[in-house]
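Participant: Each chain, letter by letter, is given below.
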Amino acid sequence: GDSVTQMEGPVTLSEEAFLTINCTYTATGYPSLFWYVQYPGEGLQLLLKATKADDKGSNKGFEATYRKETTSFHLEKGSVQVSDSAVYFCALSDRGDDKIIFGKGTRLHILP
Amino acid sequence: DSGVTQTPKHLITATGQRVTLRCSPRSGDLSVYWYQQSLDQGLQFLIQYYNGEERAKGNILERFSAQQFPDLHSELNLSSLELGDSALYFCASSVPTGEDTEAFFGQGTRLTVV
Chain A
1 GDSVTQMEGP VTLSEEAFLT INCTYTATGY PSLFWYVQYP GEGLQLLLKA
51 TKADDKGSNK GFEATYRKET TSFHLEKGSV QVSDSAVYFC ALSDRGDDKI
101 IFGKGTRLHI LP
Chain B
1 DSGVTQTPKH LITATGQRVT LRCSPRSGDL SVYWYQQSLD QGLQFLIQYY
51 NGEERAKGNI LERFSAQQFP DLHSELNLSS LELGDSALYF CASSVPTGED
101 TEAFFGQGTR LTVV
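Protein sequences, first through last, are from chains A and B. At position 27 of the first sequence (counting the first as 1) the number is 27 in my numbering, and the numbers step up by one without a gap. At position 65 of the second sequence (counting the first as 1) the number is 65 in my numbering, and the numbers step up by one without a gap.
Hints in this document: simulated from the structure, not taken from any laboratory. A virtual CB, placed ideally from N, CA and C, is assigned to each residue, including glycine. Among the hints, erroneous ones may be present.
To be verified - Restricting the straight-line Cα-Cα distance to at most 27 Å, the calculated cross-link-like pairs of lysine-lysine (DSSO-like) are:
1) A/K60 <-> A/K77
2) B/K9 <-> A/K104
3) A/K68 <-> A/K104
4) A/K68 <-> A/K99
5) A/K104 <-> B/K57
6) A/K104 <-> A/K56
7) B/K57 <-> A/K60
8) A/K52 <-> B/K9
9) A/K52 <-> A/K77
10) A/K104 <-> A/K52
11) A/K56 <-> A/K68
12) A/K77 <-> A/K56
13) B/K57 <-> A/K52
14) A/K52 <-> A/K99
15) B/K9 <-> B/K57
To be verified - Residues from chain B that face chain A, not an exhaustive set, calculated with beta carbons under 10 Å:
16) Q37
17) G42
18) G58
19) E102
20) G108
Construct all of the structure, not just a fragment, from the sequences and the given hints.
Facilitator: Right, here's the structure in full:
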């Protein structure tokens, strides 16, 4: 079945550092890919998405590119802030099947 | 505010008991998803309903059941509770757009089984 694998955390970085959180997926169809973020005490919220190969999703300085050849959707940010501390989830949704599958989440700590 | 409402926010109950978690989706959303989030298992998909019908099933235990009512709100019933059922339970709703399915999450119900 469909699955999402993302790097284990926690990831701890200093403010203004470069961030990469790896995500790879397995899908039988042609999925859409998402990154969700969960701030402390809150539910998940969509951060960015990409619906086809080579699409780049971006929001709040975060970016991820849909790479079909490597089945990956890595999350990047050039300069992280303390306010980016949260749990980040990679997810996929296979067209024709509305089910959304999430990775286990990566906790990110940014130190001032 | 995502527009998805979950009640109650917190629930403490004893082993062997039964509880009902409630979810009101965003206005107009037909799909409701239930997820369980625990520290060791991450975010696990439990079940999805679409316009009152069960659409997809994930890692949902037989002790758990759900339904979606005609007004589209949903309930997740957990019975014969065990300590290991302690977790955050999230509901999400969506309207499939044809290209992708963006889900909007409630703030969750934290269940503690003692």
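Participant: Confirm or reject each hint.
Facilitator: Status of the hints after comparison with the structure:
1. A/K60 <-> A/K77: Roughly 9 Å separates the two Cα atoms, so the pair holds.
2. B/K9 <-> A/K104: Judged against 27 Å, a Cα distance of about 23 Å means the pair holds.
3. A/K68 <-> A/K104: Measuring from Cα to Cα gives roughly 21 Å; hence the hint holds.
4. A/K68 <-> A/K99: Holds. A/K68 to A/K99 sits at ~20 Å (cutoff 27 Å).
5. A/K104 <-> B/K57: Between A/K104 and B/K57 the Cα gap is close to 18 Å, so the pair holds against 27 Å.
6. A/K104 <-> A/K56: Cα-Cα ~22 Å, so holds.
7. B/K57 <-> A/K60: With Cα atoms ~33 Å apart, B/K57 and A/K60 exceed 27 Å; violated.
8. A/K52 <-> B/K9: Roughly 37 Å separates the two Cα atoms, so the pair is violated.
9. A/K52 <-> A/K77: 21 Å, holds
10. A/K104 <-> A/K52: It holds: about 23 Å lies between the C-alpha atoms, which stays within 27 Å.
11. A/K56 <-> A/K68: 12 Å, holds
12. A/K77 <-> A/K56: Given that 27 Å is the threshold and the Cα spacing comes to 13 Å, the pair holds.
13. B/K57 <-> A/K52: 26 Å, holds
14. A/K52 <-> A/K99: Distance ~18 Å between A/K52 and A/K99 Cα, so the pair holds.
15. B/K9 <-> B/K57: At roughly 24 Å apart (the allowed maximum being 27 Å), B/K57 and B/K9 satisfy the hint.
16. Q37: 8 Å, holds
17. G42: With a closest approach of 3 Å, the B/G42 hint holds.
18. G58: 7 Å, holds
19. E102: Holds - the Cβ of B/E102 comes within 10 Å of chain A, reaching about 6 Å at its closest.
20. G108: 6 Å, holds
When held up to the earlier numbered hints, the structure conflicts with 7 and 8 and fits the remainder.
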